[in-house]
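Number of protein chains: 2
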Amino acid sequence: MVGRPVWLKAESLQRSGSFKARGAFNAVVAGLEAGDNRGVLAVSSGNHGQAVALAARELGLPATVVMPENSSPVKVTAVRAYGARVINEGVTGRNREQVAADVAARDGLRLIHPHDDPLVMAGQSTVAMELADQLPEVGERPRAILAPLGGGGLIAGICLGAASRLPGVEVLGVEPETADDGARSFYSGELVTLDEVPQTAADGVRTLHLGRRCWEVIRAQARGVLTVSEAELAEAAYFLFTRLKLVVEPTGALAVAALLRERPEIPAGVEAVCILSGGNCLPQQLAELTTLRGHPA
Amino acid sequence: MVGRPVWLKAESLQRSGSFKARGAFNAVVAGLEAGDNRGVLAVSSGNHGQAVALAARELGLPATVVMPENSSPVKVTAVRAYGARVINEGVTGRNREQVAADVAARDGLRLIHPHDDPLVMAGQSTVAMELADQLPEVGERPRAILAPLGGGGLIAGICLGAASRLPGVEVLGVEPETADDGARSFYSGELVTLDEVPQTAADGVRTLHLGRRCWEVIRAQARGVLTVSEAELAEAAYFLFTRLKLVVEPTGALAVAALLRERPEIPAGVEAVCILSGGNCLPQQLAELTTLRGHPA
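Chains as they are written, first to last, in numbering that gives the first Met the number 0: chain G, 0 to 296; chain R, 0 to 296.
The following block holds chain G by itself, in its conformation from the complex:
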């Protein structure tokens, strides 16, 4: 269908419903091993919050998640279901970092950043390290790995993991066209910040800019950053749903969307791995996204 062999790594089936569990567990474990028994704090309206809540519960620490007051009730419920305390009263997209800093100081909590933290990036690097173990089992040797690019923790982690375990394999980030700060940064060599929160169905990558530490890894080690249209994203999400029977959240379909047209960065025939980054979404969300294909159900 896309002129090349493609492997999919379904992080949608990962615990907590996304790859974020990797970084969260690594950060929480590393703190404990260093003798830090403080509770942990995350600022997140999405997958990072659920991942930190799960990691803390499994490792016996209390977790607090700061979420904007207008977060989806389903996401608030999910974080609470993992046993975390949610702070959302009066919290907005603008003041949430400050609220988190205040709560962390007041309650003596350890803040775990969603991407710009070496421990979190190291956790995400296990995606590539697992691939290095799994692909030989099926006799495959991919030449490219594609994954969504938001704050950059996943791509930076995969770059680091691939450098040690999959030498020669190229790593590419994928962004929505409307959230192309990563591509503009990569091809200009300067970290670009968007003026406003981008409009895209891929709600996991509505970041304004890459994390500074992630950027340093990505500029040096990634092969490129590709952008996809919302229509391509819808097409990929529809394919994953109807043909592979996998629930993949909009952001998780970005890498597959990038393969729907020819790309000079990954010539035809080159074997690729797409990271399906997560599956935390609702039926209604995928119904709305896939109608963008122009194929009504």
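Among these hints, one or two may not hold up.
One-sided and incomplete, this derived list gives chain G residues near chain R with beta-carbon spacing under 8 angstroms [as the list claims (entries may be wrong)]: (1) Thr241; (2) Pro282; (3) Thr289; (4) Leu291.
One side only, chain R facing chain G, incomplete, derived with CB under 8 angstroms [as the list claims (entries may be wrong)]: (5) Val246; (6) Ala267; (7) Pro282; (8) Leu285.
Because the hints were derived from the structure by calculation, they are not lab data.
Don't be surprised by glycine CBs; every beta carbon is placed ideally from N, CA and C.
Chain R: place on chain G using the hints.
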């Protein structure tokens, strides 16, 4: 969550998107082995048509599928994508059997029934035989298997497979409350036929009655038939989507729906296997079904 260990067998990930591939392949192969090289014909607006189309293509026979004219365009496209000829002009739910008989006679085709055929039932029995191989690998020994009950081919097949490979394991069919001909047949001992096509989101089990051959197996070997409400079906579909990240069509969620309340037929604590019978559906369909939970997205 439901007070017992539960295993799920994801036939949604089966080739053709449902368990129907098992019976279709067995029937097509058995014909070829008996020296019958005629093309094959199926009457189906759903999974059986796709399964026969796939089996015929893989085994080098032409396939024809008779579908009502008002079938979903997506399903017509899916059958054609497997290389089958679709006959739907002027075909209705009432005349389709006659159209199929005429086409079979005219073109010299072999009709493969969706359930009331020993070869098809034998194919579906591999669900239980595979379970007998797979469960010991994970150290489990279930005491009950639950699966959707429509025409009865799947449940009859599982009864036959379990009798030979999982002795002592009980098999239960699950129907929507509105399509309870199987339950009424089972508990009365007489094959019951519904007066009209039942209203249920589970479009794979809108049959009027069990197949005669299926019924003979089910009455003798099944443990019982359970019914579920549309709200329970919606709850199960929502759970499978949001927690397990699996695309399961409404019919495929019936067995899980049956575990949402206490059932004298399977006492609390008894380990059960639920068969997720298929995954051929659209995002819009699951969005509509799951809003029946009363939890808007």
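Against chain G, with CB atoms and a cut of 8 angstroms, does the hint on Pro282 (chain R) hold up?
At about 4 angstroms, which falls below the 8 angstroms cut-off, the nearest Cβ of chain G leaves the hint on Pro282 (chain R) intact, so it holds.
Status of the hint placing Leu291 (chain G) at chain R (closest C-beta pair under 8 angstroms):
Since the shortest Cβ distance to chain R is 11 angstroms, the answer is violated.
Under 8 angstroms is the threshold here; is the Cβ of Val246 (chain R) close enough to any Cβ of chain G for the hint to stand?
OK, holds: Val246 (chain R) within 8 angstroms of chain G, min 4 angstroms.
Would you check whether Thr241 (chain G) satisfies its interface hint, that is, whether its CB is within less than 8 angstroms of any CB in chain R?
holds (7 angstroms)
Close enough to count: is the Cβ of Thr289 (chain G) nearer than 8 angstroms to one in chain R?
Interface hint status for Thr289 (chain G): holds (5 angstroms vs cutoff 8 angstroms).
Using 8 angstroms as the Cβ threshold, decide whether Leu285 (chain R) counts as touching chain G.
holds (4 angstroms)
Verify the interface restraint on Ala267 (chain R): the C-beta must sit less than 8 angstroms from at least one C-beta of chain G.
Violated, about 23 angstroms.
Cut-off 8 angstroms, beta-carbon criterion: hint that Pro282 (chain G) touches chain R
Holds, because the Cβ-Cβ distance from Pro282 (chain G) to chain R comes to roughly 4 angstroms (cut-off 8 angstroms).
The structure fails to meet hints 4, 6 from the earlier list, while all remaining hints are met.
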